[in-house]
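If you're matching them up, the sequences are chains U and C in order. Oh and the first sequence: position 123 is 123 in the numbering used here, straight run, nothing missing. Oh and the second sequence: position 29 is 29 in the numbering used here, straight run, nothing missing.
Calculated directly from the structure, the hints in this document are not laboratory data. Among the clues, some could well be false.
Facing chain U, a subset of chain C residues (Cβ under 8 Å, in silico) [to be verified]:
hint, residue
1, N2
2, S4
3, A10
4, L13
5, F15
6, G18
7, A22
8, I24
9, W26
10, I28
11, K29
Where is the CB? At the ideal position from N, CA and C, for every residue including glycine.
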Amino acid sequence: MEKIDLGTLFPGIGTLFTGGTDVFLARIALIALGLFLVYLGKKKILEPLLMIPMGLGMATINSAVMVLPGGKQGNLFVDPLVTDTTELFNILQIDWLQPIYTFTFSNGLIACCIFMGIGVLLDVGYMLRRPFLSIFLALFAEMGTFLVVPIASAMGMSLADSASIAMVGGADGPMVLFTSMILSKDLFVPITIVAYLYLGFTYGGYPYLIKLLVPKHIRGIQPPPPKKVNKISSSQKLLFAVVMCVILCLLFPVAAPLFFSLFLGVAVREADIAPVVDFIKGPLLYGSTFFLGLLLGILCEAHLILNPKILPLLLLGILALLLSGIGGLLGGYIVYWWTGGKFNPVIGIAGVSCVPSTAKVAQKAVTEVNPKAIILQDALGANISGVITTAIITGLYVTLIPYFMK
Amino acid sequence: MNASYFVLVAAVLTFATGFFVATIIWGIKMLLAPKEERVSSKSVHLLHIFSPHCFGASHNDNYSVDAVNKELFRYYHGNSDSKSESVSNESVINKELYNYYHGKN
């Protein structure tokens, strides 16, 4: 009888010691990080719907490494690198998450499903009330999305990779996934993971940024009520969705799947098709977010963090979000000065399109100083405009980059 | 240099597209708004500028009756036929009130 050692009997442990010290350390670190993300999700510090499948997936994929036929180390979950059609067909019958990865993740379907869900949840009426103000604030809150491109480029990254990581400044997960999948096929997994990990920064970090940059007496300003409150009808909102979808698709066909998904969600909501609305905002949105988190966790293999580009990505991602927050507040200050001190500049940070987190953060920061001040309506207007400006930037980056790379 | 130029172009195009979007939204809002909401404060001001009063037209009572409310005008000023009568009655009442408060001269 052939002798069986412990490494062969328990390959998950055995492969820890046969891959080299760096792989050993990376796997242990990722298992620990995965478990920590589950803890953060459970404590509701980060979004549990994303963090629990992502964290458990990350810990599992780095535990369940085995020796595959042919002597190669791998797992039975997914192989993101396979491109050959015959090989892919074989893998589809072996790796259980490969069908979801191939048919929903790598073609952007999952991002579009999430965007459809976001569309159903959006009440564009807030934006329609004061369109110029909302768009103005949202444009300033894209500062990180713009400024990080030359910074990343100066750090030695290609223009496409720089644009992909800069998209984290838009604070819109599906948009980062979509952009990086088109522009940076090699880095789209780490960039998307960085984006989703950092989205928690809007909740945790932005309140400190507001306190740092907006003095207390300005933070508590209650903007004067509008002279006349116009009721925005569902017909206006539906027409807005239809016209915007057609115009933006005419301008940026490359990002048309995203525009279409977002405005389809808005249109379905405003047309009041209740069963479809319930389906999109329930099973579709929650199911897509869950599988997105799961796949992102599963794709976090040890070799990923051994990529030398990861550390710059981590730094640039947080810088992009920070600059976008500062940009949003700067936009708020411009309106504050323009209106002679009647506008609360904190509303500007809601232009960072993490719907509705940044709007809630802005309202919370204002309530702490002045419990009677209500800024949520203006903040939600800027917030929803942020989704649209980020989608515009996605379309522009994906369209322009190939011309600048020539 | 290439990245900076790219960002400059992208930023200009984003701002232009963003304000284009805002203009369309504003247009949609105006197109589908109820008639009374379509008249903004600026357009009311504009109407006022081009109204006959502002060109020094005489402020005649008939214009006021047509423009405001005929019944309301009659309520306050009476019919033109009975105007003199109502005025005289008014002056009598006023005289009595004056006397009541200030005593007879």
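Hint check: 8 Å Cβ-Cβ cutoff, A10 of chain C to chain U = Status holds, d = 5 Å.
Interface hint compliance - K29 of chain C to chain U, C-beta minimum distance less than 8 Å = 6 Å, holds
Against chain U, is I24 of chain C within 8 Å by beta-carbon distance?
-> 6 Å, holds
Can I28 of chain C be said to touch chain U, with a Cβ gap under 8 Å?
-> 5 Å, holds
Can we keep the F15 of chain C interface hint, with Cβ of chain U closer than 8 Å?
-> 6 Å, holds
Would the hint on G18 of chain C stand, with a C-beta cut-off of 8 Å toward chain U?
-> 5 Å, holds
Hey, does the A22 of chain C contact hint survive, CB to chain U under 8 Å?
-> 4 Å, holds
S4 of chain C as an interface hint toward chain U, with CB separation required under 8 Å = 5 Å, holds
Could you check if W26 of chain C really has its C-beta closer than 8 Å to a C-beta on chain U?
-> Holds, because the Cβ-Cβ distance from W26 of chain C to chain U comes to roughly 5 Å (cut-off 8 Å).
Chain U contact restraint for N2 of chain C - C-beta distance below 8 Å | 6 Å, holds
When the least beta-carbon distance from L13 of chain C to chain U is tested against 8 Å, hint result = Because about 6 Å separates L13 of chain C from the closest Cβ in chain U, which is inside the 8 Å limit, the hint holds.
In terms of the numbered hints stated before, the structure departs from none.
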